Structure formats: C-alpha cells, structure tokens
Amino acid sequence: MEELTLAQALANLSDLAPEIWQASLETGLMLAIGLTAAILLGGPLGVLLYLTQPGQLFAHRTVNGVLGWLVNLVRSFPFIILMVSLVPLTRVLVGSTIGPIAAAVPLSFAAIPYFARLVEQTLREIPRGVVEAAEAMGASPAQIIVKVLINEARAGLISSLTILTISFLSYSAVAGVVGGGGIGDLAIRYGYYRFQSEVMIAMVLLLVVIVQLIQFAGNRLAARLDKR
Amino acid sequence: MIHLKNVHKRFQKPEGGWFDAVRDTSLHIRAGEIFGLIGFSGAGKSTLLRLINLLERPDSGSVTVDGQQLTALSASALRRARQNIGMVFQQFNLMANRTVADNIAFPLEIAGWQQADIDARVAECLDIVGLTDRAQHYPAQLSGGQKQRVGIARALAPRPHVILADEPTSALDPKTTQSILDCLQDINTRFGVTVVIVTHEMHVIRSICHRAALLDAGEVVEILTVQDKQVSAQSALAKSLLEVA
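So the protein sequences, as listed, match chains A and B. For the working numbering, count along the first sequence from 1 and bump the result up by 1. For the working numbering, count along the second sequence from 1 and bump the result up by 756.
To be clear, the hints were calculated from the coordinates, so they are not data collected in a lab. It should be emphasised that the depicted structure is a prediction, and the values quoted were computed from it without experimental measurement. Possibly wrong hints are sitting among the right ones.
To give an idea of the interface, some chain A residues facing chain B are shown, with a C-beta separation under 10 Å as derived from the structure [unchecked claim]:
#1 Arg155
#2 Leu226
#3 Asp227
Think of the CB as a built atom: it goes at the ideal place given N, C-alpha and C, for glycine as much as any other residue.
Required output: the full structure, derived from the provided sequences and hints.
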C-alpha cells in the first residue's frame, strides 16, 4: 500500500461524498423505522410490564411473568444471530432481505423489548402515591397512563429514548454489514475490505459526532421537560 | 353521610400469615362534620379512611357515602362517585410536572369539565387556599405548607361533599400545621364539606374536630366528642393520649 498524504485522503473522501450521504440516509432510515417501532410497540409493552407488577393498577402475576420472560428471551439473542434468524420473517414482511428497510425488521425486533424495559424502569420512579391520588379522584386507567404516568415520567422517557437511539446507531452498523447499508457498512466495505483506512476513520468520526449530538439534544430536552 | 357497616380488612404479611387492619367496624359520620380518626401507628386509622373511597376494598361489610353504596358499584360508577370525594395526603402526592393551576385542574379534566369552567374554578380554589400568586409555579418550587394547600385546593375543586385527609399535617412544622388545619376548618364552615381526618395527634382533634373515633388494633374503642376545644373521653387509651397532648 502506497503512502497516503492528507490531501490524497481528503480527495478520496470527497469523491465518496455522494456515497457517504447515501449511507447516512440509510442509517437514518434504519433508525427511524426501528425507533418508531420501539415507541409504538415497545412503549405500550413497557407500560403493561409496569402496570402488571404486584401492587400496580393491573397487577397480574402470570401476565407479568410471561411478558417479562418474552422480553428477556428476545433480549438474550446476540443481535447478529437475531438478524439471521429473522431472515424468513424479513422476506415475508419486506419481500427482500437486503437494504435498509429489510435491516429495519430485526432492528425493530430488538428495539421493542429493549425500549419496553427502559420504559418499565422509568415508570418505576414515579411515586406510587401520585398514581393513588389520581385513582382517588376517579381517573380511569387510560387517564392515569396518559395524564399521570407518561407525563410524570416524560423526562426519563426522553433519556431512555436517547440511550436507545445511540445503542441502535451501533446495531444499525451491524445490520449494515449483512446487507443493510448505512454508515457502518460503508466503513467496512471501503475501510476494511479495500484498505482505505481514511474512510474507516472518517466514518467513525462521523458516528462520534452523531452520538454526541444525539446525547446533547436528549439531555437538553429532558432537562427542559423535568420540573421535579 | 358516610356509613361504614361491619367493614373488615386484612392484609397478607410479607412473611406469610394475615394482619387484620380493620376488624368488623361500623361507623357513622354525619353530613357537615369534621370527624377525626385517631390512634397509634398500626391502629388501622389510615386503612379505615381508605375504605371510605375504596382505595382499599373491604373483605366484608359495606361502605355508603352520600346515599350511594360504593361497595356495590361497577368500576366506572365508582370512578364517578369518587369525583364527589376529595382526598388530601400526608405526602401531598402532587404531580411534579404540572403547575399548581394544572394540578388543581386535574380532577376537573378527568371529570370532563369545559376548559372555561375549569379555569374559573381553578382561580376560585387558588383564592380559597391563598395561592393565587403561585398558579404557574411547579410543586418543587413550593414549601411543604404551600404544597398541602395545593392538595386541598385540588381536593376541593370538583365541589365534593366529602374530603378525606390522611395525616395532612404530619409532614409539616407546628406553625404550618395550624394554618392547614384552619384552611380545612374554613372549607368545612364555608362550603359544608364533610371532612374526615386521620391523625395521631390529639391536638388536631381538639383544634378542629367535632367528633372523633379512637382506634386501637383495628377496632373503634370510643367515639370522642369535642366541645369548646375540650375532648371528653372515658377510655384509658383516650386519657393516655390526652395526657401526651
């Protein structure tokens, strides 16, 4: 391998600019789908996990046990194995097993129980007495969930979502390698297989910047929402 | 107003076995009175209070409030009935992410009031408890006494006939305690709201109650009457409590 000057490296990267942009969009798409699934399905699952605990509104030992077991089951899978095992499901749902949308299937699958646990943990921090006060005032379970639990836990939920987003940014890189595309995939294809270290370094730096931005935005929003 | 008929409540102990918190107790609380529930820790006074709005459901017996037998109601009918029974807590139990005004508005929101009516009623209640200038503050920015005033305003907002107060002054200093008791008494005299108050201090009974039930080991030992801030009592337990106070 010939000696690489900084100028040469930058020139290479600028030639790759359209691909880097494309990869960023793919990563964004994978994350958007995975996080949406996590919020829409994992959120309610987390609320249910919390509410079926002993002493809570819908305390139910069996339901809580089964849900908790399922969540642990999915979370036990190393992500790469989960991806491979979900290939048939992905083919049925998306019609293909490559590309960011196909990769979003196992990502969503992993994100749902992950977020459910985070939501459950966050809700546990709400004092029981606040929920009890709402019950005493005649609030319905739906009103308690929306107006009390979610509203009181909102800052913690944003922090949870921040953690989830950052974790899944790196999961999406793994998904990329098995045909999903995205920033991680680009880093591997150029940086590793073609020995273009500057691409690898640039992609890692890009991810570092994205992670810092997500954490910063998450912290700011959580602090603004937290009136405790 | 409030009729408890042979209510019994027991809890399972963590180490197994059962604990009878309230034993086959009957109690009649009249409309418009301030009624105390007094006793030592573990006497069953908080459980008895929580049986009135069915936060605890009795294992046997019946609870009737305002002519409605709560123990016979469906879940949704019970929710409507509870909107007529305010509750004030020792730890205030305010929602930290809602402003003072929005905390007071909460019971009205869930009862389906129109926004304009809510705003008017919240302003009224803020005025009653003297917190108009704190409307847009959050609970974390208030003192303990102010938080309890918000708790009282919240309980009062839906114009309930009954307010249940579970040790409302136990987390407060003596001076603040008196102002909260005055506030409850004021509400009782101005609006005729029946108040049931749990306490372990004879001082609270003497200063605002008309009558009180002295509880021990889940049973009513004696009904105390208060006249001109003097408590008349027969039982040895009541006398010992009067001596400490």
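Hints versus structure:
Restraint check, Arg155 of chain A versus chain B: the minimum CB separation of about 6 Å is within 10 Å; hint holds. A distance limit of 10 Å between C-beta atoms decides the matter here; for Leu226 of chain A the minimum to chain B is near 7 Å, and the interface restraint holds. The interface hint given for Asp227 of chain A is met, as the beta carbon of that residue sits about 8 Å from the closest beta carbon of chain B, less than 10 Å.
In this structure, every one of the numbered hints holds.
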